[in-house]
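Asks: If you read the protein sequences in the order shown, they are chains Z and G. Numbering-wise, this note's numbering puts 133 at position 133 of the first sequence, and it's gapless, one number per residue. One rule links them: number in this note's numbering = place in the second sequence (from 1) + 1000.
None of these hints come from the bench; they were simulated from the model. Watch out, some of these pointers could steer you wrong.
[Claimed, not checked] Taking beta-carbon pairs under 8 angstroms as the criterion, some of the chain Z residues facing chain G (in silico):
| # | residue |
| --- | --- |
| 1 | G59 |
| 2 | P61 |
| 3 | R144 |
| 4 | F208 |
| 5 | H395 |
Beta carbons: idealized from backbone N, C-alpha and C, even for Gly.
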Amino acid sequence: MGDEKDTRLPPAAGNGLIDRRTLLTGGAALGAAFCLPRAAPAQTPDPMRVAGSGFVTYGSPSVHEQRTIRYASSNPMAPGNGISYTPLHRLEGTIVPNGLHFERHHNGVPDIDPASHRLTIHGKVKRPLAFSVDALLRYPMQSRQCFVECGGNSNAGWNDEPLQTATSNIHGMVANSEWTGVPVAILLDEAGLDPAATWAVAEGRDAFALTMSVPVTKLLDDALIALYQNGERIRPENGYPMRLLLPGYEGVTQVKWLHRLQLTDQPAMARNETSRYTELQPDGTARQFTLEIEVKSLITSPSTGMVLDEHGLYEVKGLAWSGRGKIVRVEVSADGGKSWTDAALDGPVQAKCFTRFRLPWHWQGQPAVLKSRATDETGEVQPERDVLIAKRGKHGYFHYNAVVSYAVDEDGFISHVYG
Amino acid sequence: MSTARRASRQAGIALLLGVAMAACAAEERSASPNLGEPVDPQTLLALDRTVFPDGAGLPEGSGDVSAGETLFAQRCAHCHGAAGEGGSAPELAYAQMPLDSEWPDQTIGSYWPYATTVFDFLRRAMPMEAPGSLTDEETYHLTAYLLHLNGLHERGTPLTREAVIALRMPNRDGFRWVDVQKPPPEVDRATAPAGD
């Protein structure tokens, strides 16, 4: 197992965590497979002795990667009302493939012919205007990477008992993409924004006619009418032919299938900004217009349901993000929070964007509790679960961003734990 | 494009760039192809379905609790239960545990801050299998019934547009804005003209 050599690696914190600057090369048992049930090896011909297959016009993942899929859950009485989760624990890097971007639909995915679609800007503007898709494709565009997270992501964290399921089935209502589109500020200029306009009601062209009120300051700051995702046109489930992109804001405000922005001097107090997506607090009042996603991180591997099948070196890795700016630090603990050390951050670190963190860990069969804790550039530190609950109670449902913990037992089995 | 035309166009672009660079930030943004098309008032009226708390967008009309009860049985009960007690969709009334209790009930009557939201949401999104199918009159009837179930409107009294706007829901002041500054305490506005 090379244990003798590995123990000379520089420890950085308790229970086997290795300094992030250590290069894991040359014989270390890094990446020893997390033992998930494996399919029997298929009898395939030697790929060097048969001609390969021909061309396809739109590629698909390998047939050997069919487990990397979204986990979907919906209401049988209204099958378009539900969720599918991004399998974060099966992905690497920071860009989520378009076909794996999480979904939250309130009444299904509309089928929209772009030729029939207009974005109408009206209300408190000098000139109400309608923009066709073709017209918008001629406007100056910007690209940026950022995450989109549902305000309801991780809500199982409020449960009294830790849910034992793949971590992505709890925390996978977040994904990160490169989005490209037209700055909303350009279109508001063209329409002639009335100085009295402080809000815009954004409406989707779907069977929920979903509306959300957005502050005009955000629209003028960094909002895009996004037409492309990771280089290709946005897919139907992410708002084809266009969606509102509000970097760092909770997902429901980034209205998909966007067809209307109504400038006003008051929020609409729509159902999804009053009855839902508000957070009831212990004193009986509720937080409303909690728009920015607070600092958060998640170890994606090793995580719940995985098994460390041999002793040796592993990379503890995961994702951190904040709607308020850049991630400046991610700390990892292997002893339940008694000691911490800084993980390495993959660069470039970008604001309101997934940041991948990594840290070598030497596991020799000792029980461990793994945690990650992120800090953003505003100085906010991700809270422990008991701290979050002491502050906000258990009935807020939305905006759960507490530290996530996993226990590793002597046999390498990993479970979700609190504390 | 001829060389001469290209040169002339490039000179024009250079001039425009110079102007833009000299201009303030707002004008820099106007380096836009300006392809927005004017929208006629009828199209706007048809598009604008949003009802605001001050009554903007709320049509004239009135609702009847008993008519709403009949409609509810036909259109809503299969998901929300025979009398709004909940099913595959949320409960709509009968809150017993207060919002600051261990197991708070968040219903229309106990939680929703504005009655206009009930009208707006029903008309745009319900029922799930036929969204947008309720007429304004049906929406008023169902709003009247739901408010009645929550003890907020009497059977036999028409629920008028003015009554929807004026109704002060029990949890009106229960919300604290987090990322937007809340305006000073509101004076209830019942002055906005009727919408479509």
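Asks: If a hint holds in the structure, say so; if it does not, say that too.
Replies: Status of each hint after checking the structure:
no.: 1; hint: G59; verdict: 34 angstroms, violated
no.: 2; hint: P61; verdict: 33 angstroms, violated
no.: 3; hint: R144; verdict: 17 angstroms, violated
no.: 4; hint: F208; verdict: 5 angstroms, holds
no.: 5; hint: H395; verdict: 6 angstroms, holds
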